[in-house]
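Residue numbers (this note's numbering), protein chains in the order written: chain A, 4 to 404; chain B, 174 to 341.
Treat the hints as calculated values from the structure; they're not laboratory data. If you're wondering where the values come from, they're calculated on a predicted model, not measured in any experiment. Honestly, I wouldn't trust all of these hints.
Stated by the list, open to error - Restricting the straight-line Cα-Cα distance to at most 20 Å, the calculated cross-link-like pairs of lysine-lysine (PhoX-like) are:
{"hint": "1", "chain 1": "A", "residue 1": "154", "chain 2": "B", "residue 2": "234"}
{"hint": "2", "chain 1": "A", "residue 1": "378", "chain 2": "A", "residue 2": "338"}
{"hint": "3", "chain 1": "A", "residue 1": "277", "chain 2": "A", "residue 2": "238"}
{"hint": "4", "chain 1": "B", "residue 1": "234", "chain 2": "B", "residue 2": "262"}
{"hint": "5", "chain 1": "A", "residue 1": "310", "chain 2": "A", "residue 2": "90"}
{"hint": "6", "chain 1": "B", "residue 1": "304", "chain 2": "A", "residue 2": "154"}
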Amino acid sequence: NYLRISPFSSFLFSLAPWIPVVGLEIHAQISSNSKLFSGSQVQFAAPPNSLVSFFDASLPGTLPVLNRRCVEAAVMTGLALNCSINKKSLFDRKHYFYADLPAGYQITQQRVPIAVNGSLSYSLCIDNKMSQMVTKTVRIKQIQLEQDSGKSLHDDTRCQTLVDLNRAGVGLMEVVMEPDMCCGEEAAAAVRELQLILQTLGSSQAVMAEGQLRVDANVSVHHPGEPYGVRTEVKNINSIRFLAKAVDYEIQRQIEELENGGTILNETRAFDSKLGCTVPMRDKEGKQDYRFMPEPNLPPLILYDTKSLPANVNHQQVINIDWIQERLPDLPSVKREKLVEQYGILPEHSFTLLNEDGLAEFFESVVKQTQMKPKKVIGWILNDLLSYLKQHSLTVKERSV
Amino acid sequence: MRALSFVRWLRAGRVPPRGPESRHSGDSGHSGHRHSGDSGHRVYSEYRYSEYRPQDPPQQKVSVEVLDHLEHLALVDFRDSEGVERLQKAIQFADQLHEVNTDGVEPMDSVLEDRCLYLREDDVTEGNCTKELLENAREKVEEYFVAPPGNIPLPKLEERETFLQGSK
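Okay, chain A solo, but in the shape it has when bound:
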């Protein structure tokens, strides 16, 4: 499969700049008491198969019943990301075989998702000293509600897989970001901002370490003026830091491969955090045909706003988008602006304050109680407090003042 390129033309080839293109698919576990379509509990680390209802186990005769809280979480998130909320959205079945998917299909929203066409603004430091920040935007293609699958534990010694369905059926919001990013740093900053937004809304706790936020990156490279190159999908990214590494590694790998006359396969690769590289994932069954079909057991999901809200209606059975919009909390970007305005601190410092859970509140209470100049408090926080916390592996919340 290698092209024969003469040394001279390969020299010219490598001089042309490469444009990396990065898109992200993010799955955020909805923060709710019970699952998306059943009444079993959502909880991390419980005895295996103890949080599983008959529906989650796909026993015959069971039907999905939609959880109101999950819909509200998706609407909140869509509004926070400037999306249009679809007043009518539909559920579909996505079919594939895997041991942790007992039904043989996942209920998702492939045709008409709950929210579309939004945007997310995030900031990057231009230099290492955090003194100059630039704001970028990534378009949100859509947000859809879907079921999570169970968990497979691979027991290679006994050549078997152990399946725990506690996670099967937990509600997920899939946030699809358009390929507007160009490097690992941008991808990481965008995901970090999304994480903060989700945590502020409370729609997801978005802790990557507990699998509440999962990111898949789609990476390709091309020369300016040429069509997009073949993209690879990178999975198994377990932290924001690894996301940046995985994306940058994959960009570099693709450039080197192409400059050496090779081709990029449209494949799925896993990020190996120990080696710091991406490796092809075990090829399952070639290209999947998911045979999407409408979910026959669920009518369309209808949402209302104040204008369209029918009279004499059971309030528990309707969701009013305007009502949710009015009750949205201040998003991180708004909080930062307020801190800068109120305390006269630098924008970069407002980022630092919001980057640690509870730090902004701590800062405000210190200023209030000590009456010290805010800038001095910031100085103390940056120079002394944060390094102290790091040394002792504490979080702001853990440290008593």
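Got chain A sorted already, so can you dock chain B onto it with the hints?
Frame of chain A; chain B shown alone:
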């Protein structure tokens, strides 16, 4: 009447009764009744849409590649030529839908489309039935279900013992 004849077809494995070819007559403007000579087919006259008369769809044979793909996807086994014939006839039967003019008509994908989607309160009401769930499992290890290590894909056509090979 149509539903009943379809069920009979399933059982007998035969082609369902179709209207005579002479349906392509000059009737225009009304889904009229058939008169003399068609007493046996009168039941279908209500379903004729005389204004819209496409050609009968060409008799397409389902290719071996598609059959192989279907066997992989749905893990069915066509087993012998009769199974494949039945599939062909099912497709032919469904192709009759092309005779209906659906211009400007929204597809319906569920008879529930006018129902309200019931919203459940976010309370924990189920779960904690590990023992019951594991009762049906052939193999278990400490309250986990046991499955093979990853998907075992159906072997490629050349390596499978299926009659489909012969028809290539």
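Hints versus structure:
1. A:154 - B:234: violated, 42 Å
2. A:378 - A:338: holds, 17 Å
3. A:277 - A:238: With Cα atoms ~15 Å apart, residue 277 (chain A) and residue 238 (chain A) stay inside 20 Å; holds.
4. B:234 - B:262: Holds, because 10 Å separates the two Cα atoms, which is no more than 20 Å.
5. A:310 - A:90: holds, 12 Å
6. B:304 - A:154: Distance ~18 Å between residue 304 (chain B) and residue 154 (chain A) Cα, so the pair holds.
Violated hint: 1 only; the structure is consistent with all others.
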